[in-house]
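Student: If you want the building blocks of each chain, they are given just below.
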Amino acid sequence: MAKSNKPIVWSLFAGGGMLSAFVTPVLIFITGLAVPLGLMSLDSLSYDRMLVLAQNPIAKIVLFAVIFLPLWHAAHRLLTTLHDLGLPKGRIAMTLCYGAAALGSIAAAVVLLRI
Amino acid sequence: MTEPTLQVEILRYRPETDQDPAFQTYTVPYRDDWVVLDALNHIKDNIDRTLSYRWSCHMAVCGSCGMMINGEPKLSCHAFLRDYYPNKIRVEPLNNFPIERDLVTVTDDFMEKLESVKPYVIPKQERAVDEGPHLQTPAQLNTFKQYTMCINCLLCYAACPQYGLTPDFVGPAALALAHRYNLDTRDAGREQRQEIAASNEGVWDCTFVGECSQVCPKSVDPAAAIQQTKIASTIDWYKALLNPWGKR
Ligand code: SF4
Ligand code: FES
Numbered sequence: 001m002a003k004s005n006k007p008i009v010w011s012l013f014a015g016g017g018m019l020s021a022f023v024t025p026v027l028i029f030i031t032g033l034a035v036p037l038g039l040m041s042l043d044s045l046s047y048d049r050m051l052v053l054a055q056n057p058i059a060k061i062v063l064f065a066v067i068f069l070p071l072w073h074a075a076h077r078l079l080t081t082l083h084d085l086g087l088p089k090g091r092i093a094m095t096l097c098y099g100a101a102a103l104g105s106i107a108a109a110v111v112l113l114r115i
Numbered sequence: 001m002t003e004p005t006l007q008v009e010i011l012r013y014r015p016e017t018d019q020d021p022a023f024q025t026y027t028v029p030y031r032d033d034w035v036v037l038d039a040l041n042h043i044k045d046n047i048d049r050t051l052s053y054r055w056s057c058h059m060a061v062c063g064s065c066g067m068m069i070n071g072e073p074k075l076s077c078h079a080f081l082r083d084y085y086p087n088k089i090r091v092e093p094l095n096n097f098p099i100e101r102d103l104v105t106v107t108d109d110f111m112e113k114l115e116s117v118k119p120y121v122i123p124k125q126e127r128a129v130d131e132g133p134h135l136q137t138p139a140q141l142n143t144f145k146q147y148t149m150c151i152n153c154l155l156c157y158a159a160c161p162q163y164g165l166t167p168d169f170v171g172p173a174a175l176a177l178a179h180r181y182n183l184d185t186r187d188a189g190r191e192q193r194q195e196i197a198a199s200n201e202g203v204w205d206c207t208f209v210g211e212c213s214q215v216c217p218k219s220v221d222p223a224a225a226i227q228q229t230k231i232a233s234t235i236d237w238y239k240a241l242l243n244p245w246g247k248r
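Order-wise, the sequence lines are chains U and C.
According to our numbering, the residues represented by the first sequence are 1 to 115, in order.
According to our numbering, the residues represented by the second sequence are 1 to 248, in order.
Worth flagging that the hints you see were computed from the coordinates, not collected in a lab.
No residue lacks a Cβ here, since even glycine has one placed at the ideal position from N, Cα and C.
Check each hint, because a few of them may be wrong.
[Said to hold, decoys possible] When the alpha-carbon atoms are kept at most 30 angstroms apart in a straight line, the in silico DSS-like pairs for lysine-lysine are as follows:
{"id": "1", "chain 1": "C", "residue 1": "Lys-44", "chain 2": "C", "residue 2": "Lys-118"}
{"id": "2", "chain 1": "U", "residue 1": "Lys-6", "chain 2": "C", "residue 2": "Lys-88"}
{"id": "3", "chain 1": "U", "residue 1": "Lys-6", "chain 2": "C", "residue 2": "Lys-44"}
[Claimed, not checked] Under 8 angstroms between C-beta atoms, here's a sample of chain C residues computed to sit facing chain U:
{"id": "4", "residue": "Pro-161"}
{"id": "5", "residue": "Thr-207"}
{"id": "6", "residue": "Val-209"}
{"id": "7", "residue": "Ser-213"}
{"id": "8", "residue": "Lys-230"}
{"id": "9", "residue": "Ser-233"}
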């Protein structure tokens with residue numbers, strides 16, 4: 001049997017899964033609840049602060065990771081779930097899922113690089 | 001007092017006479033200490049001798065009595081009538097396998113896959129008898145002990161939607177057994193097993209639905225074995241990428 005190249009896709013999926021499980025909920029909590037509800041100061045997400053953050057090269061890498069990996073995770077999960085539901089893993093489904101993740105990743109990279 | 005009874009609806013198929021499988025309903029006495037297998041034995045002994053099914057131990061050890069009971073893969077010697085009474089029980093052969101006759105399925109596909117992962121200790125070097133036994137600590141045994149509990153009952157294959165969709169998929173029990181020998185300190189056969197386990201048809205066809213571990217009567221947790229194999233195979237893959245001169 002052929003040696004598989006699935007580990008590339010799967011390691012992105014696994015990494016994205018870890019981030020989605022551990023980091024994404026915290027980010028949603030901070031940006032969606034804590035700051036709007038006043039549990040944290042409104043100022044902590046101010047434009048100026050965020051701009052400085054996004055200009056830092058290390059922060060850029062971190063921001064890219066928390067966007068890019070969960071996108072790949074979602075694409076792969078969606079594809080396999082569609083397959084579980086009986087949809088053949090055809091070229092169209094693959095292109096749509098991975099294509100959306102690729103576009104999102106490129107968009108994130110471009111935006112981050114331009115800041 | 002009339003004895004309470006229960007209806008059992010069984011999918012029958014006798015290839016020499018039946019065009020297609022069809023249900024046949026039997027009425028059996030209800031006893032609260034009876035399992036579905038007892039009901040089948042009652043039918044075979046007293047009502048219809050033509051009914052075919054596999055069983056041997058009647059104690060969840062031999063792994064031969066797996067069937068779909070009300071749509072769920074179960075050992076029929078482990079499924080109590082009292083959990084269904086007074087409702088009708090529907091008994092069918094295991095999903096995802098061709099029917100040989102009545103509740104008997106053709107399991108050759110699994111047997112071939114099981115063989116392909118070499119489910120036995122492959123030592124690095126043959127050990128002479130006078131070298132004494134292999135010693136293994138309880139901690140070393142614990143890393144794989146749960147995977148040794150598999151009784152090859154195939155409930156996990158009947159539960160796995162991927163095996164149903166992708167018949168080439170090596171499947172839960174065989175992959176769990178490959179993992180079991182890979183983790184054994186006496187074994188040096190991982191590389192040979194990886195040929196199958198790390199191929200596309202191996203662990204990578206698994207989408208981690210997790211049904212296999214849900215239905216396993218022996219708490220083997222094949223889904224965990226498969227995910228651990230995915231991690232180990234991914235590490236191998238990156239190692240090979242970073243060290244292209246290393247041994248393949
Ligand atoms: S892993 Fe569990 S369900 Fe699957 S064959 Fe072994 S004992 Fe049966
Ligand atoms: S008869 Fe042996 S496992 Fe059920």
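Student: Could you run down the list of hints and mark each one as holding or not?
Tutor: A quick look at each hint next to the structure:
1. For the suggested pair C/Lys-44 and C/Lys-118, the alpha carbons sit about 38 angstroms apart, so the restraint of at most 30 angstroms is broken.
2. A distance of roughly 46 angstroms separates the Cα atoms of U/Lys-6 and C/Lys-88; the hinted pair therefore is violated under the 30 angstroms criterion.
3. For the hint linking U/Lys-6 to C/Lys-44, the alpha-carbon distance of about 49 angstroms lies beyond 30 angstroms, and the restraint is violated.
4. The criterion of a C-beta within 8 angstroms of any C-beta in chain U is met by C/Pro-161, whose closest approach is roughly 5 angstroms, and the hint holds.
5. At a threshold of 8 angstroms, the smallest CB-CB gap from C/Thr-207 to chain U is about 4 angstroms, leaving the interface hint in force.
6. The restraint placing C/Val-209 at the interface with chain U holds, with a minimum CB-CB distance near 6 angstroms, inside the 8 angstroms limit.
7. Interface hint at C/Ser-213: violated, since its Cβ lies 16 angstroms from the closest Cβ of chain U, which is beyond the 8 angstroms cut-off.
8. Below 8 angstroms, beta-carbon pairs count as interface contacts, and C/Lys-230 has one with chain U at about 6 angstroms; its hint therefore holds.
9. Residue-level restraint check for C/Ser-233 holds (minimum Cβ-Cβ distance to chain U is 6 angstroms; threshold 8 angstroms).
Hint check: violations occur at hints 1, 2, 3, 7; the rest are consistent with the structure.
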